[in-house]
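S.K.: Which chain is which? The protein sequence lines are R and P, in order. Just so you know, we're using UniProt numbering here: the first sequence kicks off at 1 and counts up by one. Just so you know, we're using UniProt numbering here: the second sequence kicks off at 1 and counts up by one.
Heads up, some of the hints might be wrong.
Here are the simulated lysine-lysine pairs, DSSO-like style, with alpha carbons at most 30 Å apart [what the hints assert, rightly or not]:
no.	chain 1	residue 1	chain 2	residue 2
1	R	Lys31	R	Lys288
2	R	Lys284	P	Lys267
3	R	Lys211	P	Lys437
4	R	Lys284	R	Lys105
For the record, the hints were derived by calculation from the structure and aren't laboratory data.
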Amino acid sequence: MLVNPFKLASLGILGMNERNIKYIARYNERKLYPLVDNKLATKRLLENSDIHVPELIATIEHQSQINNLMTLLPSTGGFVIKPAQGSGGKGILVIQNNANPNFAKPNGSELNIEHLQHHCSNILAGLYSLGGKVDKAIIERLINFDQLFSDYSYEGVPDIRIIIFKGYPVMAMMRLSTEASDGKANLHQGAVGVGLDIANGQALHAVQFGKPVEYHPDTQQKLSELKVPNWTDMLELAAKCYEKTQLGYLGADIVLDVEKGPLLLELNARPGLSIQIANGCGLKPRLKMIEKQQQTRTAIERVLFSQQAFSLL
Amino acid sequence: MQYARWPFYALIGVLFVTGLVMSIYRHLTFQVPFLPGETLTTWSIEARVEFTADNGPVKIKLARPSSQQGYAVLSESSASSGYGVAYLDNENILEWSIRQAQGEQTLFYRVDFLHDQLQNDIESTPPAIPPVSLAEPYLTAAEQINQQLLSISADSISYAQQLFQLLTTQQNQQNLALLRDEESEPAKLAVKLLNHAGIAASVIHAVKLEDGRRRQPLVPLVKVWQSGQNSVIFDPATGKRGKPQDMLLWQQQDMPMLEVMGGFDSKVSFSIIKHQETIASAIKAQQNVQQSLVNFSIHSLPLEEQALFKTILLLPVGALIVCMLRILVGLRTSGTFMPVLIALAFIQTSLVTGLVGFTLIVFTGLLLRSYLSHLNLLLVARISAVIISVIAIITLFSLLSYQIGLSEGLKVTFFPMIILSWTIERMSVLWEEEGAKEVVIQGGGSLLTAVIAYLAMTNEFIRHLTFNFLGVQLILLAAILALGNYTGYRLFELARFKSLVERYAGKSV
Ligand SMILES: Nc1ncnc2c1ncn2[C@@H]1O[C@H](COP(=O)(O)OP(=O)(O)O)[C@@H](O)[C@H]1O
Ligand SMILES: [Mg+2]
């Protein structure tokens, strides 16, 4: 049932307590949290920079705006409604296309405008934000993800999570949505996590609900054949977030859009630890190695350093 | 920004040592033992008299207890600014008086009893039997009961024994039901019937000794005299013979408990606290009342506040348990400290009643909430609706259980309603978002934490330590700070990362 804690330590597995005290508390200044905890602030921070983000269609701040929600929604194409201060995929509503007067979710079920209004008012009232604070709702353009991954994802956009420590990418995984995760790629909702080799973006292992899997549960695609293209660009994009936010321990969620290339979906100041299970190795040795680095390097130099140091194949 | 770690460890050390030294000092100088067992028990009872004065001279008479079987009076005191006080010993009465008083008045009388097995009852002379005048049809009913009892009893005591048996077991007997119309209070009815049969008896009043209780009422008992000074006490609630173990007789004669001349709206309530001390310290405490500043302890507060503090001082224990379960085990709960509040409610309701009540309320609330979610209401309105539903559920449960005769059910009113409503709301969102499994995990985690916190907070030893040694609070704080610094794995992580270790084991083979 349980494993020997010393064995875990010898594999360099990072635990929740240690992550909180030794990395998050030490390298992430509290006053910087709002930059990443609030998705609107993140978008504002990255405006006019070479880190691209999904297009913002509208923000809803007041109950009165909800009444004319219809005018705020795009007339064609898909969109996503999410709470500005949500986390873990909570409160995210993905609308595949706006087939007036109904709105289709990725799984085909249809919602009407009242459903959307109700969802927005829940967001404003703080149902999905930490501690029930009042919140804003964001309407974002649906990402048109690269067809390359369409066989690996069920009804949703797969995203790539990269942990960046002091600006160095240290570990990465791809999260594939499944029927269980309802069009969102958050692991605890049932998405599949596929560990990626930092050197080349090649799949290593895959897990769902903490257990190893070989094939995608819905599309039956063999997961070990997955390989992310333009891998170095993607790592560089993630590494640049360090300079932008000054957060030392950071999780970047990146998606690959067909037209716009890699887009930064969101940043996370408390990235989860399941990435270790998906990669089949612990974070600690890598973090320790980065802690020893004295030179200051540019983003691309840091990426090259990591690719050499953390290759698994 | 990084700070050096050592001042933090030093702080933990200082807190721990200060707490320890304070506790040891208290142990040595006031001889408060560390273990609850090796002690004498004293009970402090505080009567709080409240009334509104008529703007004139006021005289208050309050019955006061005397030494009795099992309990010896240690000391008495009263707090009443501006009032003259007289302890009338042969009548067992305390008399307060003042020339002029106006508005709401509060007076305190406090008595300390030593639990003493050797103490015997002081014999009391039987009161004169007052004439009982019963009108028809009550007279016939009383007479029939009298005949029935006379035939199955030998003397006054066995007569009384049979009477109480009848009163408690055969509630619905026709004659009794009739008489209950005339006199609804069982104790008074019993005395009436006994007097009717020519047996000397009177209603006396007792305080139930329960640690840390506030605003308690008096419990009526019945005292029955045999020939001469021989007397026996009966509890009309259970019909049992002899003084109930946990009761202290406050007033042994048939007299008014409280008489106020020159005031109205008078009432008296009681707070009870249990202390565990050695004889030496009990005596010392008596001498030290004046120098209470030196004896820096909760004991220098009025009893009602002491009773309150007894609970407040337990909260850090609950907080420590929550920290341990979250940091060392990794248990998920809904709301960080909600389990402690639930545990506090459990202390009032007793564990099983609390668990059943809580589960019932949350479950029913979830059902109601799932209906509300179809209505597409705004969040604030929805939570308010849930609060009202929770109140309705609690009222319903109280009424139902009262009807069935389960007085335990009434205790559900102790649950913090706003917290319950938020719990229900969060759980139902959790249900919609992440399914029933997560609800069970978090709900179960909360309940488990609450039960463990309850067990710790009701533990004799822990209660004794937290209440008698303020230094323990510093030690608890030090422990919580130290826990906040723990970087090891959580128990649940040992299971979570299991597949990782197994993969490595597989590789090396
Ligand atoms: N604009 C979008 N287009 C398509 N899918 C999206 C979009 N935004 C979010 N998602 C889906 O929702 C998931 C969670 O979104 P994210 O912005 O990371 O919020 P959270 O902080 O709750 O994790 C993503 O992994 C993705 O699958
Ligand atoms: Mg995310």
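S.K.: Go through the numbered hints given earlier and state which of them the structure violates, listing their numbers in rising order.
M.R.: Hint check: 2 and 4 fail, others pass.
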